[in-house]
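Enquirer: In order, the protein sequences belong to chains P and C. Residues 1 to 392, numbered by this note's numbering, are exactly what the first sequence covers, in order. Residues 1001 to 1262, numbered by this note's numbering, are exactly what the second sequence covers, in order.
Careful, some of the hints might be misleading.
[Unchecked claim] Straight line, CA to CA, 30 Å or less: simulated DSBU-like cross-link-like pairs of lysine-lysine:
1. K211/P <-> K1091/C
2. K354/P <-> K81/P
3. K1194/C <-> K1146/C
4. K1091/C <-> K1146/C
5. K1047/C <-> K1194/C
6. K1044/C <-> K1194/C
7. K211/P <-> K1092/C
8. K211/P <-> K310/P
9. K1131/C <-> K146/P
10. K1131/C <-> K1092/C
11. K1131/C <-> K144/P
12. K354/P <-> K325/P
13. K283/P <-> K1153/C
14. K146/P <-> K1194/C
15. K283/P <-> K1194/C
16. K1091/C <-> K298/P
17. K283/P <-> K211/P
18. K1092/C <-> K1044/C
19. K283/P <-> K1092/C
20. K1153/C <-> K146/P
21. K1091/C <-> K1131/C
22. K283/P <-> K1146/C
23. K216/P <-> K1091/C
24. K298/P <-> K1194/C
25. K1131/C <-> K283/P
26. K310/P <-> K1153/C
27. K104/P <-> K254/P
28. K1131/C <-> K1146/C
29. K298/P <-> K1153/C
30. K216/P <-> K1092/C
31. K144/P <-> K1153/C
32. K1091/C <-> K1047/C
33. K1092/C <-> K1047/C
34. K146/P <-> K254/P
35. K310/P <-> K1047/C
36. K1254/C <-> K283/P
37. K325/P <-> K104/P
Derived from the structure by calculation, the hints contain no laboratory data.
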Amino acid sequence: MAKNNLAYVRTEIVPESPAPNLSKGILGWMKNNLFSSISNTIMTILGALFLMWVLPPIYGFLFGNAVWPGEGVTVEDCRAKGAGACWAYIDDRMTFFIYGFFPKDAYWVTQEGFIASIMQYWRVNAVFAVGTLLIVPLMWPDLKYKLLNSILFFVVYPVFVFYMLTGGVFGLEEVPTVKWGGLTVTLIIGLVGIVVSLPLGIILALGRQSKMPIIKSFCIMFIEVWRAVPLITVLFMASVMLPLFMPVGMTIDKLLRALVGVSLFSAAYMAEVVRGGLQALPKGQSEAAASLGLNYWKSMGFIILPQALKHVIPGIVNSFIALFKDTSLVAIVGIFDLLRATQIANLNLDWASKNQAISGYIFAAAIFWLFCFGMSRYSIMMERRLDTGHKN
Amino acid sequence: MTKQTQTAVKKPTAVDENADVAIEIIGMNKWFGDFHVLRDIDLKVMKGERIVIAGPSGSGKSTLIRCINRLEEHQQGQIIVDGTELTSDIKKIDEVRREVGMVFQHFNLFPHLSILENCTLAPIWVRGVPKAEAEETAMHYLERVKIPEQALKYPGQLSGGQQQRVAIARSLCMNPQIMLFDEPTSALDPEMIKEVLDVMVSLAEDGMTMLVVTHEMGFARQVANQVVFMDQGQIVEQNNPEDFFSNPQHERTKEFLSQILH
Ligand SMILES: Nc1ncnc2c1ncn2[C@@H]1O[C@H](COP(=O)(O)OP(=O)(O)O)[C@@H](O)[C@H]1O
Ligand SMILES: [Mg+2]
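Here chain P stands alone, though its shape is the one from the complex (with noise of 0.2 Å):
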């Protein structure tokens, strides 16, 4: 270059190269993670310490010293010296923790040429089947034929549960609510409460925003009513003070009432979490979309619902994940629940042991958690698939 530092000229274009790599291998990742200074080796040091202390037990605890169900397993076992968690309880009274108190029903197959009655609980099995049947090509995004899915799901299947459960035609014996139980009334509950608040969360949501008055106030006053009572309390109140005022012989079914507190409960806060989303969104999106004249109900179907249910997928799911554990609250009111029916079955003196409750109680909560986890990851995914790239 010339004395003069100022003009330049590029002779040569710099050629793409590959960025320089930083962590090599497990090592290399060890040493800037772990090790990267004194202190940071100390706190792993500490760390690895700590986990060596506690995994073991729990890892005997849980599997090592555990009781397995099999050939000739007695509560004699569980109750032995050093016996870890009890599962041959949890296997022997799985039927109780699923169904709760609900009949073993007859149903007729052919055996080798005869009829034959076989005592089963195939009804709630087969509202089961027929749930999972439907709910999963409908949360599969690929798969076509969503709205009949969803025909099939949101409005027929309701009615089949219904019709099944209770009975009382087709020759189905009659089953009352009282003797629903376990895990079935709570994913009934769960998804019941799901279903129903999400799109009600959505229309309160829309109503609050409304440049109608009486809307306005309605929706208003309903989410902060709502959203000021506590969950116990609504419960309470739908199940011992809404009979005091009804006319005398008049009943509404006890997990009705619990399904109907639940739903609105969580409506309301589902409510806040999607207006949230509305007013994230910029507002030429909804201009954008009435200077090509699509109306209000269009707009908000096509453009403004799709993108602000979408940025608070996150919320919506934390709402659902709350919702789902929240329904273990209507043991309270007699409702029998899974934590009930793990309740009830901890007292049962046939598996009577020192471990005996533990291992219903970690049973229950594993089971909640498969749920919400499930929930939280197919909402990451989701995130993932529609994420179209820069916001506008």
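Assemble the complex: chain P is given as a structure, and chain C with the ligands must be docked to it using the hints.
Expert: Below, chain C with the ligands alone, put in the same frame as chain P:
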């Protein structure tokens, strides 16, 4: 203020007498709360005319053109678009919006829809056009704005200039009689302004009725029949481009032009 209104020069240029009126605004006033944002606006736009609206920031240009498709509501006077007077009647508003396309400063594409879906949504759901036909039309206009190859991408993957051209195509797919542009190039990097202006020029050449808020004075000289200058919510001067630029009458116009043209 009164002095300004008195000295305001309004000199509508002669237009073909047979041409029909596309937009007529008579004695229109608008307030935002107590703020008198548009004052005594009178404007007549013939079919096929191209009007450029200029003026300092905050003078009410956006508000004026947003009143024409009722994104803003006026409180006094009349706005008649293609023979339909805008009132609070939702049906009439929808009718007008179907005939009036709008292009925004910030594009306002729908980020969750592909480019093609952006262009076909309104024709399908507002006009009831069959999907295949809507897609054909959309591809036609995307070719016209020179980005057919981006049809399956999402807005977030396009440059600003490309997004604005899609926004124009999206409006055109509704087959509007009138197009409103609110500073369509103000949010663009300099090298992208031309590609958008080129599309607008070609629209003008095809005889589209256009109302364009812009500071691109070159564009105004090239395609406008009339330039409308606004200040403080009023039309201060209105003239054909040659006279407007070479012989501005009002003080504010002169000041504005000296700032913008150097
Ligand atoms: N929604 C609104 N509410 C209150 N004031 C507004 C609103 N929109 C615009 N204004 C005010 O009206 C005036 C004109 O705005 P605008 O039409 O956007 O001007 P321009 O487009 O000429 O820059 C500005 O002073 C602005 O602050
Ligand atoms: Mg503006």
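Enquirer: Straight-line Cα separation of K1131/C and K1146/C no greater than 30 Å?
Expert: With a Cα-Cα distance of about 22 Å, the restraint between K1131/C and K1146/C holds, given a limit of 30 Å.
Enquirer: Given the hint that K216/P pairs with K1092/C, test it: the Cα-Cα distance must not exceed 30 Å.
Expert: holds, 25 Å
Enquirer: Are the Cα atoms of K283/P and K1194/C separated by 30 Å or less?
Expert: Since the Cα atoms of K283/P and K1194/C sit roughly 27 Å apart, the hinted pair holds (cutoff 30 Å).
Enquirer: Within 30 Å, alpha carbon to alpha carbon, are K1131/C and K283/P?
Expert: holds, 28 Å
Enquirer: When you check the alpha-carbon spacing of K1153/C and K146/P, does it fall within 30 Å?
Expert: holds, 24 Å
Enquirer: Just to be careful, I want the Cα atoms of K354/P and K325/P compared with a cutoff of 30 Å; is the pair within it?
Expert: holds, 27 Å
Enquirer: Against the 30 Å threshold, does the CA-CA distance of K298/P and K1194/C hold or violate the hint?
Expert: violated, 34 Å
Enquirer: Are the Cα atoms of K211/P and K310/P separated by 30 Å or less?
Expert: holds, 25 Å
Enquirer: When you check the alpha-carbon spacing of K354/P and K81/P, does it fall within 30 Å?
Expert: Within the cut-off at roughly 10 Å; holds.
Enquirer: Within 30 Å, alpha carbon to alpha carbon, are K310/P and K1153/C?
Expert: holds, 19 Å
Enquirer: Do the alpha carbons of K1131/C and K146/P lie within 30 Å of each other, as the hint requires?
Expert: Holds - the C-alpha atoms of K146/P and K1131/C are around 19 Å apart, at most 30 Å.
Enquirer: What's the verdict on K1131/C and K144/P, does the C-alpha distance respect the 30 Å limit or exceed it?
Expert: holds, 18 Å
Hint violations for this structure: numbers 4, 14, 24, 34, 35, 36, all remaining hints satisfied.
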